[in-house]
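Dock chains B, C and D against chain A, hints included.
Listed below are the residues making up each chain.
Number of protein chains: 4
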Amino acid sequence: MKKLQGGIIGAGKDSFIGFVHMAGARLMGESEITAGVFSRDPQKSKVRGKELRLAPDRVYLDYKDMIRGELSRPEEDRIDFVIIASPNSSHFDMTMAFFEAGIHVFADKPMALSLEQALAIRKKSEDSKLLYALTHGYTGYAMTKQARFLVETGVLGEIHRVVVEYTQGWLAPLINDPDLFDTWHLNPKISGPSCTMMDVGIHALNLVQTITSLVPEEVCADLTGTIPGNPLDDQGSVLIHFKNKSRGLLHASQVSSGEGNALRIRVYGSKAGIAWDEEYPETLELMNNDGSSTIFKKGTPALCDEARRAARLPGGHPEGLICAFANIYNSGFRFIRREAVVPGRDFPDADQGVTGLAFIEAIVKNSKGREKWTVMESL
Amino acid sequence: MKKLQGGIIGAGKDSFIGFVHMAGARLMGESEITAGVFSRDPQKSKVRGKELRLAPDRVYLDYKDMIRGELSRPEEDRIDFVIIASPNSSHFDMTMAFFEAGIHVFADKPMALSLEQALAIRKKSEDSKLLYALTHGYTGYAMTKQARFLVETGVLGEIHRVVVEYTQGWLAPLINDPDLFDTWHLNPKISGPSCTMMDVGIHALNLVQTITSLVPEEVCADLTGTIPGNPLDDQGSVLIHFKNKSRGLLHASQVSSGEGNALRIRVYGSKAGIAWDEEYPETLELMNNDGSSTIFKKGTPALCDEARRAARLPGGHPEGLICAFANIYNSGFRFIRREAVVPGRDFPDADQGVTGLAFIEAIVKNSKGREKWTVMESL
Amino acid sequence: MKKLQGGIIGAGKDSFIGFVHMAGARLMGESEITAGVFSRDPQKSKVRGKELRLAPDRVYLDYKDMIRGELSRPEEDRIDFVIIASPNSSHFDMTMAFFEAGIHVFADKPMALSLEQALAIRKKSEDSKLLYALTHGYTGYAMTKQARFLVETGVLGEIHRVVVEYTQGWLAPLINDPDLFDTWHLNPKISGPSCTMMDVGIHALNLVQTITSLVPEEVCADLTGTIPGNPLDDQGSVLIHFKNKSRGLLHASQVSSGEGNALRIRVYGSKAGIAWDEEYPETLELMNNDGSSTIFKKGTPALCDEARRAARLPGGHPEGLICAFANIYNSGFRFIRREAVVPGRDFPDADQGVTGLAFIEAIVKNSKGREKWTVMESL
Amino acid sequence: MKKLQGGIIGAGKDSFIGFVHMAGARLMGESEITAGVFSRDPQKSKVRGKELRLAPDRVYLDYKDMIRGELSRPEEDRIDFVIIASPNSSHFDMTMAFFEAGIHVFADKPMALSLEQALAIRKKSEDSKLLYALTHGYTGYAMTKQARFLVETGVLGEIHRVVVEYTQGWLAPLINDPDLFDTWHLNPKISGPSCTMMDVGIHALNLVQTITSLVPEEVCADLTGTIPGNPLDDQGSVLIHFKNKSRGLLHASQVSSGEGNALRIRVYGSKAGIAWDEEYPETLELMNNDGSSTIFKKGTPALCDEARRAARLPGGHPEGLICAFANIYNSGFRFIRREAVVPGRDFPDADQGVTGLAFIEAIVKNSKGREKWTVMESL
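Quick mapping for you: the protein sequence lines, in order, are chains A, B, C and D. Position 361 of the first sequence, counting from 1, maps to 344 under this note's numbering, and the rest follow consecutively. Position 240 of the second sequence, counting from 1, maps to 223 under this note's numbering, and the rest follow consecutively. Position 230 of the third sequence, counting from 1, maps to 213 under this note's numbering, and the rest follow consecutively. Position 62 of the fourth sequence, counting from 1, maps to 45 under this note's numbering, and the rest follow consecutively.
Simulated from the structure, these hints should not be mistaken for lab results. Hints may be right or wrong, so weigh each one.
Heads up, simulated PhoX-like pairs for lysine-lysine below, C-alpha to C-alpha not over 20 Å straight-line [what the hints assert, rightly or not]:
#1 Lys351(B) to Lys355(A)
#2 Lys107(A) to Lys47(A)
#3 Lys(-14)(D) to Lys33(A)
#4 Lys(-4)(C) to Lys29(C)
Heads up, incomplete: computed chain C residues facing chain A, CB under 7 Å, no partners named [to be verified]:
#5 Ala80
#6 Asp273
#7 Gly274
#8 Ser276
#9 Thr277
#10 Ile278
#11 Lys280
#12 Thr283
#13 Pro284
#14 Ala285
None of these values were measured; they are calculated from a predicted model. For each residue, glycine too, the CB sits at the ideal point set by N, CA and C.
Chain A with its partners taken away, still in its complex shape:
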């Protein structure tokens, strides 16, 4: 069986997430990145392509050029899929164009800049039967699968409370010196209607959905820009009423000085609770009613089947984010190869992307207004 071929948009020299995509796609040896657009600057793109050992004629000027170029190649030697890892504002056009060209899509979040765009992508993906995989990376960890298993099998009882956060500190230095560095995340034209919620809050919501299947019914939000001159939020908190009547709290920040990448979730049910922290992703705490906790660890026999299959190394050997991405990529490859796989479960899909944008629009609207609760659109 030959390796699948992938193109990538993004993955410039300083893009860590681009590297994670490429490494995750390649990890199991099932695919190769053979085409790319690495910069708006053709010269930079060329240099980076060379560094990555791509054939020079497959380093493209832009995504349209890539589509044109690849379609002109023999069918058995062109890209099967594309990885969209460029800034937010480009996601919609690119996704639609690659679908149009019959190319499968792995896209970084957010799906698009607006709910309307997200719905269009979902429709297009359904119509085309092509893969749309949204790379919420942590959903690939063994422990998020074990967490879902504990919820699904009733170990927690009925869920009534969820607390989730995504706390980072990388923008904090801008508070004292807004000119210290430049980032497109603070630019509404590129980032969309939110900075922090679009960048990391949307991950937190997806994690809730992945583990509990709960979807917000109405939200109450307080989004704030702390950095002088920042037109977008860089911190925020959201109260959530879920559809099952359970209560939720989602908070996110990129100005929490000293924090790295604290994506943490706790889910409480009538019988037990669970806690997970992406900075220590290979353990999961189950808090039992009798006051004891059970600590599950990656790569051990104590886990459910899905969690066991999601690990490559035995317990105690750290795997990390690249392996989590690899799980998503491998599930996507199964879809492409028409093997058994469950979209929305084995990898985040267009439905989840739509929910993410519905959430963003609801909280941005609520935060700006004076009404207490804003109903989130359910589509």
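Just chains B, C and D, lined up with the frame of chain A:
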């Protein structure tokens, strides 16, 4: 110098907090508990008094009886102070009566059932020059003092975000079986307008104030009763706008299955952040801008003077909650003996109690209404 | 029932362990410290006695003076027990003298300076029927009792490996500056044949015995003095062959820069392992065969009876070392009052003290010699 | 620049370490695995090669077949290096043969079965100028580099104590049921003179050397086989006298029920100590003299240059073992490409392999004998 004498209301056989009060008051050998009311049932009270080795004539029927009895004793052999550790609804009457009798007061939180009562207590305490110490116990830990020091000396820069929680699970079993046990905390007549916020949320607010001196300006709350038939909240979250424009998030729950006593705070400033967890109270994390953290530990030379003085044992020897209470008691004793001490700093005082009730009233009102932000009274 | 009266030797102004003894003895209100020798300097002793609010005529010049003075008092108003918390070299004479006077003894470790002395104390204690409680404090923690329970009930299977350490750093500054401060622990006349093993290594051995009942058969030791001019060990490691053929490793240090009080034990059996750390004493990890861990927490229903009874506060409310000491004192008081209690289980007794000194003599001898294994005397 | 080509011996379907090697070699896109021997069974090897998408004619019968086959290919399309990830007993012959064929070698530990073999490999590698990289994987972590930096720059002062352990539990189930599964690690013909020390103890020693540059002068060991019928050790402890007079303790076990992969090291100097745990590899604790600790985290500005360069993702995004292996591979590739790199520092080299085997021979000899200290050969 003779030991101070104290009376206690509460401290029945099953009251753990009553024991903590007595143990904290006695720890340094500066006071003795010589009088008490231990139950509404005179027989039970008598038995408990005997167990605690009190003179039988100083085990009283109720607080009025205690006041009468003690005042009838020679001045040099009567109680100097009382500890009020009975349920919420009794706090106001008792406090006023002991003040009237010229007796110093250590009171468990909440100060009273309403803001109005709290203001009356504050006034009475000011007029009488008697001690009013509100036993928010964790304010006595060395690490909360070190946290305050880091804020006050500018190590964090200007504060712009506070996340605090008080999460417990002891009421969770009632979700499945509301008759499993009975507690006055769920009875509005005894507990007041809130269960969880009155019981633990108010601690979380006080911790914010102790460490940062920040006071809420307006709040947006979602308080919920999860236990079937529970007229009060057992979980809730509050968005806070502080007066300095910084943002806050306070959440509390007593139905978080499997949780013990998770009082946790994080404070983020423009230069650094701090994190503290009462379940591991002897360490404090300072999260630095360069991505490293400094871990401060109780009983070590790295600490500020106030934090060093708050420890009795060297680093690595756990002290726990009783020692924290002892710090509050010893500061209160200094006040009684007219030694140098700063109310509101060395122990929580009536001002902090007033803030607590103002907060409770604002969030209860907000949670019931449809307005998004409710201004908190500042008195 | 009247409170028991206790005398104390030690507990000078800077003695933290003296304070822990007094606080532990008083915590439950069952005893009062009414007599003391606080310093070799009568003036200092007097001042300290006043500070502790003792009657001036019960602050004594030395232990002989205390015995004389107390025996001259009416029987119902003299000390029932003494706490020996003075330096090592004084333990033997004092213990024997108090036994001679018919006074119960709580003694800090080590029991004596030599195995011969320890055997004499044990004999005297047996003959006199008086209490001899050796205050290995951590044996009073709920979690050491839970650990013992897991071993005794076969949850671990047969034990084959024990790793225990007691690591501190407080002597490390002397490496660079041996004159920085003076401590009797480095003086062989006061400390005995070992510094670190006598001070903390002996605790580590007792912890092994408390939890597993295992006793060393032969030992191989490497004790070293790191501080220039130090005639005694300040770090050391010991290989142990236990009598049941299981293997052990005990290491201790007081020159491990930056360490606080790391008493840590792991016990491995054929079915499971356990891990406990005195710096976080309220949790115990059970490492299961299937790769999961169970975390037991103080004050929760998940624990065995003895562990539950050893806690005063609910889970999540830290208790600390003073409460652990209180458990030992309260068990000792039960012995004094002839209530049901199991010496050697509810508190460390003379047998355990003898084992400690047998261990010290064996490792000191082994470390100095060239033979690989030295048989430990079993008496 | 074209990708380097590599062959691999090992990496059968169930070999996790084989996968780590391949993934680490491929991670940065600088090399491709193009040849392999995956099993002694040619059919299995063929299937596995297909699964890995190798050209069928480059899946070989054995290492000799691989050498022959590759050498018969055009120079620009044959393997540049081989990865030896087969059982211990094969390492020596294979390494010598590939050197003979002019092919660079990445070899899993141990270097060989005996010190004599190790010396021969080292000589051959020196003579041939070919790469010999010994894949002690954790040496590639950013944090081991930061640890070395702290030692080298004098932050710890002079080292006087090292405690290192490598504790696993995967063999523990064999204690109760020796027939549960079969592993070559317990077979002296394949494993060599030791099971646990050869498999993991040798890693622990290398970690000490990597961080501190200390080499043992004499050792005292107690190696034990716990599994019934096991002729080799499955647990053991070693006392070490290092050449600088500092003391060491190395212990390892594969029968510690419930443990995963606990490679942990602590190094104590006169000024500070450090602690690191491979199960949480992205943080490093520096224990300061004033009782505070500094926590360094991967991917942050607080680190030294070498540690910063060793990370690919920002702080808080877990990398794991594959990335650590990739660092070793990339350094090896620099050596192959004659770029600047320091063998023995940027990757473990033959010198370190020799030290490992000298250690194994010394501890095995000591453990069997009755002499207390055995001098380790220094070659």
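Sort out whether Lys355(A) lies within 20 Å of Lys351(B), counting only the CA atoms. holds, 11 Å
Does the closest beta carbon of chain A sit nearer than 7 Å to the beta carbon of Gly274(C)? Holds, because the Cβ-Cβ distance from Gly274(C) to chain A comes to roughly 2 Å (cut-off 7 Å).
Hint check: is the beta carbon of Ile278(C) less than 7 Å from a beta carbon of chain A? The hint holds - Ile278(C) has a Cβ within 7 Å of chain A, the shortest such distance being about 4 Å.
Residue hint Lys280(C), partner chain A, criterion CB-CB below 7 Å: holds, 5 Å
Hint check, Pro284(C) versus chain A [nearest Cβ-Cβ separation less than 7 Å]: With a closest approach of 5 Å, the Pro284(C) hint holds.
Per-residue hint verdict: Asp273(C), partner chain A, C-beta under 7 Å: holds, 4 Å
Take a quick look at whether Lys(-4)(C) and Lys29(C) sit within 20 Å of each other, Cα to Cα. Satisfied, since the Cα-Cα distance of roughly 11 Å is no more than 20 Å.
Check the hint pairing Lys107(A) with Lys47(A) against an upper bound of 20 Å on the C-alpha distance. holds, 18 Å
Report holds or violated for the interface hint on Ser276(C), using the least CB-CB distance to chain A and a cut-off of 7 Å. With Cβ-Cβ at 4 Å, under 7 Å, it holds.
Minimum Cβ distance from Ala285(C) to chain A below 7 Å? Given a least distance of 4 Å, the restraint on Ala285(C) holds.
Hint validation: Ala80(C) versus chain A, beta carbon distance must be below 7 Å. Holds or violated? violated, 47 Å
Taking 7 Å as the limit, does the beta-carbon of Thr277(C) come near enough to a beta-carbon in chain A? Holds. Min distance 6 Å.
Comparing the model with each numbered hint stated earlier shows that hint 5 is the single one that does not hold.
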